[in-house]
Structure formats: structure tokens, C-alpha cells
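Hey, can you work out the whole structure from these sequences and the hints?
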Amino acid sequence: MAWECAECNVRETDSTPIDSVCHHCGKPLCPDHVYRFADHAFAEFEGDPPEGRNAAHCVDCRTTYHQRVRGSARRR
1 MAWECAECNV RETDSTPIDS VCHHCGKPLC PDHVYRFADH AFAEFEGDPP
51 EGRNAAHCVD CRTTYHQRVR GSARRR
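Note that our numbering has the sequence shown beginning at 1, numbered continuously upward.
Simulated from the structure, these hints should not be mistaken for lab results.
Watch out, some of these pointers could steer you wrong.
DEER-style ranges, computed between Cβ atoms [claimed, not checked]: (1) ARG68 with MET1: 34 to 42 angstroms; (2) THR16 with HIS40: 28 to 36 angstroms; (3) ARG68 with ASP32: 22 to 30 angstroms; (4) TRP3 with ASP60: 16 to 24 angstroms; (5) PRO31 with MET1: 13 to 21 angstroms; (6) THR13 with GLU44: 33 to 41 angstroms; (7) GLN67 with ASP19: 22 to 30 angstroms; (8) ARG53 with ASP32: 21 to 29 angstroms; (9) GLU44 with TRP3: 27 to 35 angstroms; (10) ASN9 with GLU44: 35 to 43 angstroms.
All figures in this text were calculated on a predicted structure; none of them were measured in a lab.
Glycine included, each C-beta is placed from N, C-alpha and C at the ideal position.
See the structure below:
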């Protein structure tokens, strides 16, 4: 089974891996369409900063769940 990016429909190849899954909705994502940033869902205790625990996000879930991190979200 060949994976496809849920955002651009590119099929996985050796040069284009589908190497991320959005942790909110489960969409498979290629490196060009994944946003990685710290998510409080991964903090050790509620209210703590997530300290280096980056999570993968698709553009829809980034917009829906993390509106305040737009400027700091990194692709790849």
C-alpha cells in the first residue's frame, strides 16, 4: 500500500516520504505539509510547558486548535 499526503495527494516515494501523521485527526502528511511545534497535550503535568515535545499538525488542525502559534509553527 502506498501512502498519500492528505493535503497534496502526493504518493510516497524514496524521495518524498510520508513520514508524519497529524496528532489531532490522523491525516498522513508529507514533509512539505506538516507543521511541528510544541503542543500542551504532551506536557508532563497540566499547565506545564511541553518542553521540546513537538507534535505534527496538518494545516486544518493547526488553524482549529492552535491559532496562537501561527508565527512560530515550523514546517518539517
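Now the hints, each set against the structure:
1. ARG68 with MET1: 34 to 42 angstroms: holds (37 angstroms)
2. THR16 with HIS40: 28 to 36 angstroms: holds (31 angstroms)
3. ARG68 with ASP32: 22 to 30 angstroms: With a Cβ separation near 23 angstroms, ARG68 and ASP32 satisfy 22 to 30 angstroms, so the hint holds.
4. TRP3 with ASP60: 16 to 24 angstroms: Given range 16 to 24 angstroms: holds, Cβ gap about 18 angstroms.
5. PRO31 with MET1: 13 to 21 angstroms: Once the Cβ atoms are compared, 20 angstroms apart, the range 13 to 21 angstroms for MET1 and PRO31 holds.
6. THR13 with GLU44: 33 to 41 angstroms: With a Cβ separation near 38 angstroms, THR13 and GLU44 satisfy 33 to 41 angstroms, so the hint holds.
7. GLN67 with ASP19: 22 to 30 angstroms: Distance hint for GLN67, ASP19 holds at roughly 26 angstroms.
8. ARG53 with ASP32: 21 to 29 angstroms: Holds, at about 23 angstroms.
9. GLU44 with TRP3: 27 to 35 angstroms: The hinted range 27 to 35 angstroms holds for GLU44 and TRP3, with Cβ atoms some 32 angstroms apart.
10. ASN9 with GLU44: 35 to 43 angstroms: This hint holds: roughly 37 angstroms between Cβ atoms.
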